[in-house]
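Asker: Sequence:
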Amino acid sequence: QAIHPGYGFLSENVEFAEACERENITFIGPPASAIRDMGIKSTSKHIMSAAGVPIIEGYHGEDQSHEKLKSEAQRIGYPIMIKAVRGGGGKGMRIAMTEADFDTQLESAKTEAMKAFGDQVMLLEKYVVKPRHVEVQVFGDRHGNHVYLFERDCSVQRRHQKIIEEAPAPGLTDEVRRSIGEAAVRAAKAVDYVGAGTVEFIMDESLKFYFMEMNTRLQVEHPVTEMITGTDLVEWQLRVAGGEPIPMKQEEIKVRGHSFECRIYAEDPDSDFMPGAGPLQHLATPPPGSDLRIETGVRQGDEVSVHYDPMIAKLVVWSDNRSSALQRTLAALRDYHVVGLNTNIRFLMALASHQAFQAGDVNTDFIPNHQAELFPPRSLSTEVLCQAALAMTASLSAKNSARSAAKKDVFSPFAHSSGMRVNISPSCTVKLADGDTEHTIHISETGPNSRSVSVDGQAPVTIEDVRLTTEPGAGTDNEKTTVRCSINGKISSSTILMRGNSVHIFAVDGSHNLSIPLPKFLKSSLGSGSINDPVAPMPGVVEKVTVDAGSEVKKGDPLVVMIAMKMEYVIRASRDGVVEKVYHKPGDTVSKGTVLVHLKEEN
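Residue numbers (my numbering): 23 to 625.
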């Protein structure tokens with residue numbers, strides 16, 4: 023009997039591994055002693071130092087008093103990385119850039135660590151400016167053999183969690199690649215490691231590397247290693263757990279090509295990567311193959327819950343070289359369509375398209391350093407609006423055909439509403455809303471496959487070679503139309519999904535969500551609420567309320583602390599004011615959009 027613990031927190035739970043051993047169940051992973059030694063970061067640092075693995079300066083002591091931690095931070099020098107000793111997955115980790123930040127960041131890291139791991143012991147490390155996160159896949163067996171399967175670069179992160187990973191790491195010399203691999207093997211041997219493990223390093227601009235931690239499990243991003251080495255690491259785990267030696271010797275393991283993994287999250291990058299939850303109303307993915315893998319646990323119709331990590335899929339792509347692999351990754355992201363909740367797919371496309379990323383110039387500050395380019399002002403192109411309008415006309419035509427088919431007298435002129443008039447070209451006007459901005463698109467048919475389209479009264483564009491393909495289900499509230507046409511001589515194509523009043527466009531530059539605007543009389547009857555009241559940005563649990571009725575607050579002051587997706591979020595005042603009412607107490611579960619605190623209306 024054997025248990026594979028996956029690659030969640032259970033896989034690094036030493037008590038679980040020991041329980042398996044007591045019950046004579048094979049734990050498919052390292053011995054409990056290795057999990058214990060590597061799970062406590064302060065212990066692991068001492069072991070690595072003794073094994074000759076480079077480590078970074080820091081404090082890993084037992085004295086956890088606030089005064090001691092603060093004095094050690096001053097000794098090491100700012101900026102300081104504050105990390106939970108039992109941490110992982112970016113939880114319980116904060117950066118204090120200056121002494122003024124230290125108290126707040128320490129408290130936040132402790133709170134999050136206690137929630138995630140039941141322990142708030144911290145270690146301090148000198149924070150390396152412009153660091154790269156480079157990790158090495160290692161493997162050990164019960165016969166004393168240890169190998170490395172080369173490295174992965176996981177530098178591009180948000181909230182200290184990985185977004186896109188690649189193997190091998192770009193820009194490394196053969197000497198550095200061999201050196202970091204051998205250091206990882208020394209780390210594995212130091213704890214008699216068995217099975218799959220990952221040794222994580224911080225790498226500076228000069229390609230010097232320092233031990234950060236060892237994850238005693240198979241990593242989420244292990245597929246990129248499998249792609250470049252032609253191995254099946256889960257098969258290796260099973261064989262080694264069964265007492266077999268590692269299937270390959272070090273000299274037999276070679277790098278072949280390049281691979282990327284994109285983590286697809288249910289989150290809103292434009293709202294500081296706020297996690298989301300809700301139903302997957304529509305899900306279409308690129309076709310998998312030997313060079314493209316999709317690893318997911320969700321399907322169309324499933325509900326993404328607030329109680330778990332927001333990652334819904336991993337998109338893994340391989341090609342002969344890095345440039346080709348990037349282009350294939352972009353193409354696959356364009357073909358990954360999700361409706362029903364926000365995802366980071368468009369943001370991943372922006373990342374993969376960025377000039378610095380394409381050049382391999384990455385570090386863990388990549389996103390804040392390139393904020394302007396990665397988060398440009400959202401704007402709809404004329405091409406996208408034209409294609410959305412064409413899809414809506416196809417939808418209208420399909421509905422008219424359905425109505426005509428339902429009529430007993432199919433020759434009745436009242437059974438048709440094609441827009442045709444004698445001696446006048448058929449035309450129609452379509453309105454679409456992008457948030458609060460409404461667009462008016464006027465379409466005139468100029469030939470069997472050509473149109474003249476004007477957007478918001480601008481000069482019309484010429485659309486030719488129009489090909490509209492509406493999938494079965496046309497005329498319903500869930501239809502899909504593919505539009506391909508030439509707009510002013512430029513070939514363009516997109517997929518449009520319509521659900522009720524929502525229009526979802528998947529174009530070459532990513533996805534766009536529009537709506538069919540409500541009539542004015544209906545808008546006015548709906549009214550509106552106060553825009554000043556802080557609301558829950560996602561479903562979650564109220565952890566702490568920092569104000570009472572009558573409290574005076576300044577813009578930016580913390581009001582409520584929430585826990586969602588295993589992370590802590592602080593909801594702050596959007597303006598100066600006085601709290602009139604607090605609607606929720608600690609422990610309350612709230613839905614997205616729930617008003618948490620009411621501020622008195624301004625005069």
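Hints listed in this document are in silico derivations from the structure and should not be mistaken for laboratory results. There could be a bad hint or two in this list.
[Unchecked claim] With a Cα cut of at most 27 Å, we get these calculated DSS-like pairs of lysine-lysine:
no.	residue 1	residue 2
1	K577	K603
2	K148	K132
3	K132	K607
4	K90	K132
5	K148	K271
6	K137	K90
7	K576	K603
8	K137	K211
[As the list claims (entries may be wrong)] Restraint-style ranges between C-beta atoms, simulated for each label pair:
no.	residue 1	residue 2	range
9	S403	P101	50 to 56 Å
10	G28	V530	15 to 21 Å
11	T611	G112	22 to 28 Å
12	R261	H68	31 to 37 Å
13	T120	Q480	25 to 31 Å
In this text the structure is predicted, and so the values were computed from the model without any measurement. C-beta atoms are modelled at their ideal positions from N, C-alpha and C, and glycine is treated no differently.
Asker: Against each hint, give a clear statement of whether it holds in the structure.
Answerer: Hints versus structure:
no.: 1; hint: K577 / K603; result: 17 Å, holds
no.: 2; hint: K148 / K132; result: 18 Å, holds
no.: 3; hint: K132 / K607; result: 22 Å, holds
no.: 4; hint: K90 / K132; result: 15 Å, holds
no.: 5; hint: K148 / K271; result: 37 Å, violated
no.: 6; hint: K137 / K90; result: 23 Å, holds
no.: 7; hint: K576 / K603; result: 16 Å, holds
no.: 8; hint: K137 / K211; result: 32 Å, violated
no.: 9; hint: S403 / P101: 50 to 56 Å; result: 41 Å, violated
no.: 10; hint: G28 / V530: 15 to 21 Å; result: 37 Å, violated
no.: 11; hint: T611 / G112: 22 to 28 Å; result: 24 Å, holds
no.: 12; hint: R261 / H68: 31 to 37 Å; result: 32 Å, holds
no.: 13; hint: T120 / Q480: 25 to 31 Å; result: 50 Å, violated
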